[in-house]
Amino acid sequence: MFGIENDPVLLSRLLTALTLGFHIIFATLGVGVPLMIAIAEWMGIKRNDPHYTLLARRWARGFVVTVAVGVVTGTAIGLQLSLLWPNFMQAAGHTIGLPLFMEIFAFFFEAIFLGIYLYTWDRFKTQMRHFLLIIPVVIGATASAFFITTANAFMNIPQGFDIVNGMITNVSPIEAMFNPATPTKISHVIITCYLTAAFILGTIAAIHLLKGNNHVYHKKALKLTMVSGAVFAIATAVIGDLSGKYLHEYQPEKLAAAEWHFETETHAPLILGGVLTEDNEVKYALEIPYALSILAGGMPDSEVVGLNEFPEDELPPLWVHYAFDMMVFIGMYLAFVSTLFVVMNWKKNWNAFNKPLLIMVAAGGPLSMIAIESGWIFAEVGRQPWIINGIMRVEEGATTSDHVGLMLVLFLILYTILGVTCGAVLRKMFKENPVEHELEKRGMEQPKRVSNE
Amino acid sequence: MSYELLGITVLWIFLYGYLIVASIDFGAGFFSYYSRITKKRHALHHIIQRYLSPVWEVTNVFLVFFFVGIIGFFPDTAYYYGTALLIPGSISIILLAIRGSYYAFATYGAKDSHIYSLLYGATGLLIPASLTTVLTISEGGYLVVDNGSVTLLYGELFTSPYSWGVVFLAIFSVLFISAAFLTYYADRAKDSQALEIVRRYALSWAFPTIIMAFIVFFLLGQRNPVHFANMMDLWWMFALSLVSFAAAVWLIWKRRFLGVAFIFVMLQFFTAFFAYGASHLPYLLFPYLTIYDGFTNESMAIALIAAFIGGLLMLIPSLYLLMRLFLFDAEYLEGRK
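Which chain is which? The protein sequence lines are A and B, in order. Counting from 204, one number per residue, gives the positions in the first sequence under this note's numbering. Counting from 9, one number per residue, gives the positions in the second sequence under this note's numbering.
Hints are not guaranteed to be accurate.
Which chain A residues stay away from chain B? Per the calculated CB distances, all over 10 Å, these [what the hints assert, rightly or not]:
1. Ala294
2. Val430
3. Thr619
Across the chosen pairs, the derived CB separations fall in these ranges [unchecked claim]:
4. B:Thr167 to A:Glu481: 19 to 29 Å
5. A:Met647 to B:Ser200: 58 to 68 Å
6. B:Ile324 to A:Lys631: 14 to 24 Å
7. A:Glu641 to B:Ala130: 31 to 41 Å
8. B:Val152 to A:Ile594: 23 to 33 Å
9. A:Lys631 to B:Gln57: 16 to 26 Å
Covered stretches of chain B, as calculated for chain A (at least 3 residues, CB under 8 Å) [to be verified]:
10. 89-103
11. 109-116
12. 286-300
13. 303-312
14. 319-333
In case anyone wonders, no lab produced these hints; they're calculated from the structure. Small disclaimer: the values here were computed from a predicted structure and weren't measured. Just so you know, even glycine gets a beta-carbon here, dropped at the ideal spot from N, CA and C.
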């Protein structure tokens, strides 16, 4: 198969990328959507508006289907890490076993309350009590992201241990967890999960409105998601700037690879797009003068370390530039669209529900997911050739088994089937039970057509 | 108690938890499908759905706890088992993934299909069969460690009577545990029609389970005499297990104290499972890896144990709430909520 049968390292990388690439779609929603559900249910209580309550209810119903896929693919990656990267997990167990263990606790906590939340909509005397049940779900979901991302941060800046004669000793689990990569990495992951969830839900509302369904329910949904989206997008931009400064300080080779920055220099320009020639010359790119220096050090005269300072066999592949650009570009786009919507909605005589803007919002959901994927690809490929930066190379961590190729095919089939069924189930669920129908059924609205009698 | 012993005890408790809750779930899937093809579905479907819907996610977590925890406490297991178990491990993942997601698709997508039901029933038997491979391998003789590379001997695994004995013991136990629980649950829900059906399941799977347990016990004697000798030292725990089994079956037979009967089933498996585990020590993988040479460093051990205690303080009240709302709330059970 493509002449790569006998390379367990490459195949293990592909299988891990496949599982993670599929899992993060659901994991991102899993972290972000509970917060959106909580906001909607809260608005329903505060404004005494059953539309928002129904919004929370319907989101929760769809959410649980995606959670199921998130749970099973999360289980898959949890086991696969040991199956495909036994040597890495051996080292990881010694150093970052703690957050991995705690992540399961956080998820357990979330799972218990999600189960309760879903089945108790009408069991309490006041809705406030039911609302309280979503709070542990939000905390559990965000805490899961927190713990698992500390493990990823450790892979970038490993610390909190010594290596003596090839053995890991003097371990400090807390120091390993809270390494310099942790603050920016965690805040970036969590806030973009919120942002993506807001935009995915916004896309659904926008599509209904574009299809000519002008029910106020969808307008409220769009407003709620876009106002939240604008807040998250601006926070994302601020944290993104801090992430740039973190990379400059601790992983300059990653930043340089993202920016095709070869010569160490001050007043470095930011390069957008373009192609790289064989002699490492950048062509057809958009250059923003000084911007890289400002991103890295805050001042135009900040010196940015270039790729030429590093040994060639310790550099990531330079195509990560495109993944980085894609992520940044989409982030900007989301900030622009959501802010534009908020402003237009705020001005009394402007119509925020105009068609072009709705199309832009509708595109935002899928784009935000692409940004999540690009971001993770940049984060992981940008760390190459290391699995633990500076300590263990990817090929040292991988399995030696000859059967990874077969497993890759099996999992590809599995994820295709799961993805397709999940989409079909969600579509069917909401098509068969449209909002209007549910509003009527719950007595929130009169039937549109009155019978002849 | 040394940290090593404490660590493996914590993990074994999780695995025991998984054994119980997952068995209930796996067996229920099988019974649900079986009742469908024998046209008794209307009587059973309701009771099974009512229990499973709020708790299915929780079940999975026990397993994840175990395998993430074992990497934390005993990182060397990743090296030995990780390399050897690529294929059986991946198959278990795929089965778990199919089961979990199709359960959710069927339940929340409100689609009742024969295929979903078949998948759910079949995986209920295949998953325990594939997961027990790990326990089988741990007895030694199924893998070779050569020059830093670990290989699983598939021929040995598929032709050894012990390995098949364990598979059947696992499947029978799943069905017995599940039926015993559902008997109690149906009784609580005052669903006499369902009660009669699941009670019969419980009684008919009780004896295959105990007979298989004896067979596996003696097969192990041939497979790993060292382990077997240690097990004989703990004979009283196995005896307790047998007594609990007898008490449970007697109560179910008499239709009395079905909750107590299920506690006896839990005791039966608790004593046998811990006696098996304790006599297996110090080996995690016979004869290559013990809990002492595969243990993590001390600071990680302390951190993990602290996290475990903190986690339990948070989880036990939450689990209590879950059980109170769905397991022990009479009105919910009877379908009035």
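Going down the list of hints, with the structure as the test:
1. For Ala294 of chain A, the requirement that its beta carbon stay farther than 10 Å from each beta carbon of chain B is not met, with the minimum near 7 Å.
2. The beta carbon of Val430 of chain A is kept farther than 10 Å from every beta carbon of chain B, the shortest such distance being approximately 29 Å.
3. Listed as a non-interface residue, Thr619 of chain A keeps its Cβ farther than 10 Å from every Cβ of chain B; the least gap is roughly 12 Å.
4. The beta-carbon spacing between Thr167 of chain B and Glu481 of chain A, approximately 57 Å, falls outside the hinted interval of 19 to 29 Å.
5. Checked against the hint of 58 to 68 Å, the C-beta distance between Met647 of chain A and Ser200 of chain B comes to roughly 40 Å, which is inconsistent with it.
6. In this structure the hint that Ile324 of chain B and Lys631 of chain A lie 14 to 24 Å apart at CB is violated, the actual value being about 39 Å.
7. Hint check: Glu641 of chain A to Ala130 of chain B, Cβ distance near 35 Å, so the stated range 31 to 41 Å holds.
8. Distance hint check: the CB atoms of Val152 of chain B and Ile594 of chain A are about 29 Å apart, consistent with the given range 23 to 33 Å.
9. Separation of Lys631 of chain A from Gln57 of chain B is about 19 Å and conforms to the stated range, judged on CB atoms against 16 to 26 Å.
10. Coverage of the stretch 89-103 of chain B by chain A holds [criterion: at least 3 residues with CB-CB distance below 8 Å; count 11].
11. For the stretch 109-116 of chain B, the stated coverage by chain A holds: 6 residues have a C-beta nearer than 8 Å to a C-beta of that chain, and at least 3 were required.
12. With a threshold of 8 Å between beta carbons, the proposed coverage of the stretch 286-300 of chain B by chain A is violated, since 0 of its residues qualify and at least three are required.
13. Under a criterion of three residues with beta carbons nearer than 8 Å to beta carbons of chain A, the stated coverage of the stretch 303-312 of chain B is upheld, 6 such residues being counted.
14. Using a Cβ-Cβ cut-off of 8 Å, 8 residues of the stretch 319-333 of chain B lie near chain A, which meets the minimum of three, so the contact claim holds.
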